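A.B. asks: Protein chains in written order, with my numbering: chain A, 5 to 342; chain B, 891 to 1044.
Calculated directly from the structure, the hints in this document are not laboratory data. Note that the structure is predicted; figures quoted are calculated from it, not measured. Even for Gly, the Cβ is constructed at its ideal location relative to N, Cα and C. Among the hints, erroneous ones may be present.
[Stated by the list, open to error] Derived lysine to aspartate or glutamate pairs resembling DMTMM-like cross-links, with alpha carbons at most 20 Å apart: (1) A/Lys234 - A/Glu287; (2) B/Lys1035 - A/Glu190; (3) B/Lys1035 - A/Asp140; (4) B/Lys1001 - A/Glu190; (5) B/Lys1001 - A/Glu224; (6) A/Lys304 - B/Glu954; (7) B/Lys1001 - B/Glu954; (8) A/Lys234 - A/Glu224; (9) A/Lys51 - B/Glu947; (10) B/Lys1035 - A/Asp143; (11) A/Lys25 - A/Glu73.
[Claimed, not checked] Facing chain B, from chain A, some residues (calculated, C-beta under 8 Å): (12) His57; (13) Gly280; (14) Ser284; (15) Pro339.
[Claimed, not checked] Derived CB-CB ranges, DEER-like: (16) B/Glu1032 - A/Met12: 43 to 53 Å; (17) B/Lys1001 - A/Gln296: 40 to 50 Å; (18) A/Lys104 - B/Ser972: 20 to 30 Å.
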Amino acid sequence: MAVPLSQMATVVSYVVSQKLKGVKRYPLVLMLEPLFRCNLACAGCGKIQYPEHVLDRRLTPEQCWAAAEECGAPIISIPGGEPLIHPEMQDIVQGLVQRKKYVYLCTNAILLERKIDEYEPSNYLTFSVHMDGLRDEHDLTVCRDGVYDVATKAIKTALKRGFRVTTNTTLFNDANPQRVRAFFDEMMDLGVEGMMISPGYSYEKAPDQHSFLRRHRTQELFSDVLAKRKRRWRFNQSPLFLEFLEGKREYQCTPWGNPTYNIFGWQKPCYLLQDGYVSSFRELLESTAWEQYGVGRNEKCRDCMVHCGYEASAVEDTFSSWSGFAGTVKATLFPNMT
Amino acid sequence: MVRVCRNREGHAFPQHDLIPLFPVFRFHFTVPMSQDAPEEPSEKSLQGAVFRPGSQEELLNVVELAFGYRGDITLELKSRESTNGYLFNRVLDGPRSYLEMFQPDHPCPRKIPCREIHAFHFTGQDTASGKSWEAWVRKRQEERKNEGQNFSGS
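Using the sequences provided together with the hints, build the complete structure.
C.D. replies: The following block contains the structure:
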């Protein structure tokens, strides 16, 4: 199983309680960006193109904890920028863990071995290591040679120390399905708890605009990658989301499922688009024109199939109908029969 | 409507139904190419542009350009004050519309009512027109080629 039972139980009880309360829009994963500065400059990333004085700004631990409490999501993902650059990251994580939030610290792992002593292994803390493929593909994507080797070494160290470790992988349109499958084997050989995969999103501000996937191409690629799935591959995400990537299911985006908070405030409408900021989560929910976003509603959303928009849609499907629930059970137990 | 205009040096830039009153200048970096050297702004960059909106519609158009710009902007206010920073938010609500800007030396953002703005200067480096994918691939290929030459020469 890719996710511990305690985490699964927390998420299930949270979603069920939201549904029983009749809450139409609820957050599942808070995307907490405490800084934009990174020690890499990946060609596909649109998150780090800011003036120096903006890159120098950071959220304080208190701001992070307040956002987590206000939002109420059971899972907190900490992307960036590179979170391990933040000098108070261990305090931020410790405070979130004390609040019984499941924290996914997304890192390129360059600093992980140096900083690992600052963290305590916990069921609530997972290092989610950015790995975009085997050595050649990963180093090309992050625009620096040697990062793959550093990251795999750090993964081994973290696992040896008893930390939960997953990988997060963005697949671009030049991905070779056989190489991706070999990459999955290699990650499972390393002993990671699970893998997270997602297609890239064409950031307007990212330098590389040629490598992003069109919707149909996304479905083709993920169908090839996930065909005749090996039993040993464990994915740390909704099985219905994987079926969505393969084109077996259609979902509309639920951007409120993964709200984003960063140095500018609560970001409208989602992790990927920047249409403005508000100062509270409540204001985000109430003032965002949600009906203007999603496939068929907004040109910028046309080809997007990214996890931060659709994973929450898949989870919602699981708990909205018996067919969704049965589909989830079937996809979990028999992934090659759907 | 977006047109493509050319400045005096023949470089193209998008023109959103607005004519800057000043000629649009571009910064030409003279640093030699290295991994950390900034590249020249792309053809679409607004870096160096100046806009003095003459109507509410023009103002809204420039605000959108400034909001999407990944560099610092200098605002020339009607009070003759000039303020510089990164414009990260805009709240458009008729006469109460305002912009939010992070200034380099201030911890808190500053709110600036749109009605007080006289001109927008795109003064900061456009960080989104940084190192390109093609440049990285080219550099990587050259490195591989050099490695091969060194190996065969040793």
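A.B. asks: Decide, hint by hint, whether the structure agrees.
C.D. replies: Hint check results:
1. A/Lys234 - A/Glu287: violated (44 Å)
2. B/Lys1035 - A/Glu190: Violated, because 29 Å separates the two Cα atoms, which is more than 20 Å.
3. B/Lys1035 - A/Asp140: OK: B/Lys1035 and A/Asp140 at ~16 Å, within 20 Å.
4. B/Lys1001 - A/Glu190: violated (51 Å)
5. B/Lys1001 - A/Glu224: At roughly 47 Å apart (the allowed maximum being 20 Å), A/Glu224 and B/Lys1001 break the hint.
6. A/Lys304 - B/Glu954: holds (16 Å)
7. B/Lys1001 - B/Glu954: holds (16 Å)
8. A/Lys234 - A/Glu224: Roughly 18 Å between the alpha carbons, so the hint for A/Lys234 and A/Glu224 holds.
9. A/Lys51 - B/Glu947: violated (30 Å)
10. B/Lys1035 - A/Asp143: Judged against 20 Å, a Cα distance of about 17 Å means the pair holds.
11. A/Lys25 - A/Glu73: Holds. A/Lys25 to A/Glu73 sits at ~19 Å (cutoff 20 Å).
12. His57: Given a least distance of 4 Å, the restraint on A/His57 holds.
13. Gly280: holds (6 Å)
14. Ser284: violated (14 Å)
15. Pro339: For A/Pro339, the interface hint is violated, since the closest Cβ of chain B sits about 34 Å away, which is over 8 Å.
16. B/Glu1032 - A/Met12: 43 to 53 Å: holds (49 Å)
17. B/Lys1001 - A/Gln296: 40 to 50 Å: This hint is violated: roughly 25 Å between Cβ atoms.
18. A/Lys104 - B/Ser972: 20 to 30 Å: Once the Cβ atoms are compared, 49 Å apart, the range 20 to 30 Å for B/Ser972 and A/Lys104 is violated.
Against the hints set out earlier in the document, violations occur for numbers 1, 2, 4, 5, 9, 14, 15, 17 and 18.
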